[in-house]
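Participant: Listed below, chain by chain, are the residues.
Protein chains: 2
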Amino acid sequence: MITKPTLLLDEKKCRDNIRRMAEKTKKNQVAFRPHFKTHQSLEIGRWFKEPGVDKITVSSLDMAVYFASEWNDITVAFPVNILEIETINYLAGRINLNLLIESDETASCLKAQLTSRVGFFIKIDVGTHRTGVDPLDKQKIDRILAVSVSGDFLSFKGFLGHAGHTYKCRTRQDVLEVQNDSIKVMNQLRNNYIKAYPDLVISMGDTPGCSVADDFSGVDELRPGNFVFYDLTQNRISSNSIEQIAVALACPIVAIHQDRREIIVYGGGVHFSKERMENEEEGIVYGRVVEKTDRGWGNIIQGMYLKALSQEHGIVSVPDSRITDYSIGDYLLILPVHSCMTANLMKSYLTLDKRKISRL
Amino acid sequence: MITKPTLLLDEKKCRDNIRRMAEKTKKNQVAFRPHFKTHQSLEIGRWFKEPGVDKITVSSLDMAVYFASEWNDITVAFPVNILEIETINYLAGRINLNLLIESDETASCLKAQLTSRVGFFIKIDVGTHRTGVDPLDKQKIDRILAVSVSGDFLSFKGFLGHAGHTYKCRTRQDVLEVQNDSIKVMNQLRNNYIKAYPDLVISMGDTPGCSVADDFSGVDELRPGNFVFYDLTQNRISSNSIEQIAVALACPIVAIHQDRREIIVYGGGVHFSKERMENEEEGIVYGRVVEKTDRGWGNIIQGMYLKALSQEHGIVSVPDSRITDYSIGDYLLILPVHSCMTANLMKSYLTLDKRKISRL
Numbered sequence: 012m013i014t015k016p017t018l019l020l021d022e023k024k025c026r027d028n029i030r031r032m033a034e035k036t037k038k039n040q041v042a043f044r045p046h047f048k049t050h051q052s053l054e055i056g057r058w059f060k061e062p063g064v065d066k067i068t069v070s071s072l073d074m075a076v077y078f079a080s081e082w083n084d085i086t087v088a089f090p091v092n093i094l095e096i097e098t099i100n101y102l103a104g105r106i107n108l109n110l111l112i113e114s115d116e117t118a119s120c121l122k123a124q125l126t127s128r129v130g131f132f133i134k135i136d137v138g139t140h141r142t143g144v145d146p147l148d149k150q151k152i153d154r155i156l157a158v159s160v161s162g163d164f165l166s167f168k169g170f171l172g173h174a175g176h177t178y179k180c181r182t183r184q185d186v187l188e189v190q191n192d193s194i195k196v197m198n199q200l201r202n203n204y205i206k207a208y209p210d211l212v213i214s215m216g217d218t219p220g221c222s223v224a225d226d227f228s229g230v231d232e233l234r235p236g237n238f239v240f241y242d243l244t245q246n247r248i249s250s251n252s253i254e255q256i257a258v259a260l261a262c263p264i265v266a267i268h269q270d271r272r273e274i275i276v277y278g279g280g281v282h283f284s285k286e287r288m289e290n291e292e293e294g295i296v297y298g299r300v301v302e303k304t305d306r307g308w309g310n311i312i313q314g315m316y317l318k319a320l321s322q323e324h325g326i327v328s329v330p331d332s333r334i335t336d337y338s339i340g341d342y343l344l345i346l347p348v349h350s351c352m353t354a355n356l357m358k359s360y361l362t363l364d365k366r367k368i369s370r371l
Numbered sequence: 012m013i014t015k016p017t018l019l020l021d022e023k024k025c026r027d028n029i030r031r032m033a034e035k036t037k038k039n040q041v042a043f044r045p046h047f048k049t050h051q052s053l054e055i056g057r058w059f060k061e062p063g064v065d066k067i068t069v070s071s072l073d074m075a076v077y078f079a080s081e082w083n084d085i086t087v088a089f090p091v092n093i094l095e096i097e098t099i100n101y102l103a104g105r106i107n108l109n110l111l112i113e114s115d116e117t118a119s120c121l122k123a124q125l126t127s128r129v130g131f132f133i134k135i136d137v138g139t140h141r142t143g144v145d146p147l148d149k150q151k152i153d154r155i156l157a158v159s160v161s162g163d164f165l166s167f168k169g170f171l172g173h174a175g176h177t178y179k180c181r182t183r184q185d186v187l188e189v190q191n192d193s194i195k196v197m198n199q200l201r202n203n204y205i206k207a208y209p210d211l212v213i214s215m216g217d218t219p220g221c222s223v224a225d226d227f228s229g230v231d232e233l234r235p236g237n238f239v240f241y242d243l244t245q246n247r248i249s250s251n252s253i254e255q256i257a258v259a260l261a262c263p264i265v266a267i268h269q270d271r272r273e274i275i276v277y278g279g280g281v282h283f284s285k286e287r288m289e290n291e292e293e294g295i296v297y298g299r300v301v302e303k304t305d306r307g308w309g310n311i312i313q314g315m316y317l318k319a320l321s322q323e324h325g326i327v328s329v330p331d332s333r334i335t336d337y338s339i340g341d342y343l344l345i346l347p348v349h350s351c352m353t354a355n356l357m358k359s360y361l362t363l364d365k366r367k368i369s370r371l
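Top line first, the protein sequences correspond to chains A and B.
If you're matching positions, the first sequence starts at 12 in my numbering and goes up one per residue.
If you're matching positions, the second sequence starts at 12 in my numbering and goes up one per residue.
The hints are simulated quantities; they were obtained by calculation from the structure and are not laboratory data.
A hint or two may mislead.
No farther apart than 25 angstroms at their CA atoms in a straight line, the calculated lysine-lysine pairs in the DSS-like style are these [to be verified]: (1) A:K60 x A:K318; (2) B:K37 x B:K60; (3) B:K179 x A:K318; (4) B:K15 x B:K38; (5) A:K15 x A:K35; (6) A:K15 x B:K358; (7) B:K15 x A:K358; (8) B:K149 x B:K122; (9) B:K367 x A:K358; (10) B:K318 x A:K318; (11) B:K122 x B:K195; (12) A:K15 x B:K122; (13) B:K179 x B:K35; (14) A:K367 x B:K318; (15) B:K318 x B:K23; (16) B:K15 x B:K365; (17) B:K318 x A:K179; (18) A:K35 x A:K179; (19) A:K60 x A:K37; (20) A:K122 x B:K15; (21) B:K367 x B:K60; (22) B:K151 x B:K195; (23) A:K23 x A:K35; (24) A:K365 x A:K151; (25) B:K318 x B:K60; (26) A:K358 x B:K358; (27) A:K66 x A:K179; (28) A:K23 x A:K318; (29) A:K179 x A:K122; (30) A:K15 x A:K38.
Covered by chain A, according to a simulated footprint, are these stretches of chain B (three or more residues, beta-carbon under 8 angstroms) [stated by the list, open to error]: (31) 13-24; (32) 107-119; (33) 128-142; (34) 211-221; (35) 265-275; (36) 325-339; (37) 349-360.
Computed from a predicted structure; not experimentally measured.
The beta carbon of each residue, even a glycine, is placed where N, CA and C say it ideally should be.
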């Protein structure tokens, strides 16, 4: 029974999302190393083992420690934080751990302090300009390699890119263009270094690119994460249909303001996060209400969306035709703008058959 | 030792913030019922007992359950969620519990299901238009009172307002105007109902109003919360000086991009939340870097601010003159835009003398 904000998980949709992406990677003969930062759950992680996944990506060492109890091959897709060297050494002695290096300073620090072997990728900035080495900065890449290969504990795995600028795209065509440009950049690097490092891996993998593209020639490994649940942001990019979104937050109705067509739900920034979308007609949108069905939820109700959030309150804008359909004590089902942030705030999932799934 | 994102708490600043507000309420002979949704910590809660605080406000029943081990008089300043009636009855049997009612539907549900006595406030919309009863809707107020007073378990305490529209103010004068208007509205209600309910309480209390105003004539009880830490949002409203902000997030530096004057820190949306401010010169701001000092932190470094956040990454814009001052493995101290949201994401505090303080 739902009594307070509860993150519902449609297990079928989620497993379908996993299966679809696994099939796509198999068809393309690309290794699949899904990012687990979205669900952060050992149990959901096990669903990936069915289609044969045996290595994963995470975004923090804390997540790596959590997943190391069931996964033996983990890439931490975040620039090495050398202050956490103790945790790195703990994990490196236990599993196949891959790290991201993007400076010779970090490489030197690791080399001086590692006590077990780790793999490393050089993080390449494929155009997002968040972080990573400029792919044209051959000197820097060579400096990192020079430092690393001279030691016992750093094993070069390849180049890793994240085309995060697909998040600014709004059409499939735009996503494909970014994707193709990024792969081109990475393959120039491959060509330059393949002789010295014949086993080097090109690792890519944002959810928009992995969802929209069908051809991954030139890529060896894909690391999408968000696709496990998808969300409204991904839908706007055209990564997924609304039907593929696998999580919805159930929010009790605590007040109804008929005069201004607004419902107040128990569900605020501490549940959804303050991640937002914007459009001219509606203004800021923090989530969209869907129809309740016998088996979970259905379509978005047009014009019914979260327009404001405080810590625990959510204000839902309601169409005229719907305002008398709800009572205090009902709950609304709301699709999140960014499922990673919502899942991170909620401490567990409830499946449609009422099973609680825990997470980190 | 700081190895990953850590929420530092300057205990002296925090205790000063508490003392200052407690003194102000005493001077005004107003009851002080601080809101604990910001810190959510039993230990920090105990610091309020020194100046004599003996009753508190929270924003969820979960928080009420947590604090009920040390506090005997708690108001849940959120419209009653009748789906949580079991928790309400559990608490009502144990402590003096006050709830917020704003509809006769909710009053009827409570009346039918309560097993112990609770106090209730009628939530009044003093102009924020988030939720609450229109103060001119005498019929609705009378309906709520009619339902409630006819039962054994609902005891009318008074009217409660939250002038959340002070958050849109940018000067002390604007805050005072909102504050005065709100008090005026509440006192009209007092005048209308004081004969029937001679002990009724007028409860107010947003942090901007409580920080800026010096005169609280016409108010019986104040419930500010954020002032315990303050933050950049409150500073923009003119509630506090930068020196009064009592929390800063320590974020390890993991990459430096000298060419574009940017530092990448381990500190993202899962630490800060995505709460943001905006100004013409800088664009969107998610936090501001302060000088490190021997005793914690000092002034804001002009032009050094968090300009973007992903799940774990923060991108810090750095002035030309500062970009060579930092190395990988250092950490930056960053003031949050909204301390309630940041504290909610971080699971504990670290005081400047290295004591860990836990929370809900």
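Participant: Three or more residues of the region 211-221 of chain B near chain A by CB distance under 8 angstroms?
Facilitator: violated (count 0)
Participant: Counting residues of the region 265-275 of chain B with a beta carbon closer than 8 angstroms to any beta carbon of chain A, are there 3 or more?
Facilitator: Held - the region 265-275 of chain B has 6 residues with a Cβ nearer than 8 angstroms to chain A, which meets the minimum of three.
Participant: Is the listed coverage of the region 107-119 of chain B by chain A valid when you require three or more residues with a beta carbon under 8 angstroms from a beta carbon of that chain?
Facilitator: holds (count 4)
Participant: Run the distance test for K15 (chain A) versus K358 (chain B): straight-line Cα separation, threshold 25 angstroms.
Facilitator: 21 angstroms, holds
Participant: Given the hint that K15 (chain A) pairs with K122 (chain B), test it: the Cα-Cα distance must not exceed 25 angstroms.
Facilitator: 20 angstroms, holds
Participant: K318 (chain B) and K179 (chain A): Cα distance at most 25 angstroms?
Facilitator: The given pair, whose Cα atoms are some 16 angstroms apart, holds under the 25 angstroms limit.
Participant: Go check the region 349-360 of chain B versus chain A for me, would you? Three or more residues, Cβ under 8 angstroms, otherwise it fails.
Facilitator: Coverage by chain A holds for the region 349-360 of chain B (4 residues, Cβ < 8 angstroms).
Participant: With a cut-off of 25 angstroms on the C-alpha distance, tell me whether K367 (chain B) and K358 (chain A) pass.
Facilitator: Answer holds: K367 (chain B) to K358 (chain A) is near 22 angstroms, not above 25 angstroms.
Participant: Can you confirm whether the C-alpha distance between K37 (chain B) and K60 (chain B) stays at or below 25 angstroms?
Facilitator: Given pair K37 (chain B), K60 (chain B) holds - Cα atoms ~14 angstroms apart, limit 25 angstroms.
Participant: Next pair to validate is K358 (chain A) with K358 (chain B); report whether the Cα-Cα distance is within 25 angstroms.
Facilitator: Distance ~12 angstroms between K358 (chain A) and K358 (chain B) Cα, so the pair holds.
Participant: Can you confirm whether the C-alpha distance between K318 (chain B) and K60 (chain B) stays at or below 25 angstroms?
Facilitator: Not satisfied, since the Cα-Cα distance of roughly 39 angstroms exceeds 25 angstroms.
Participant: Hinted pair, alpha-carbon criterion (25 angstroms max): K179 (chain A), K122 (chain A). Please report holds or violated.
Facilitator: With a Cα-Cα distance of about 37 angstroms, the restraint between K179 (chain A) and K122 (chain A) is violated, given a limit of 25 angstroms.
Going down the numbered hints, you'll see the structure goes against 1, 4, 5, 11, 14, 15, 24, 25, 27, 28, 29, 30, 34, while the others check out.
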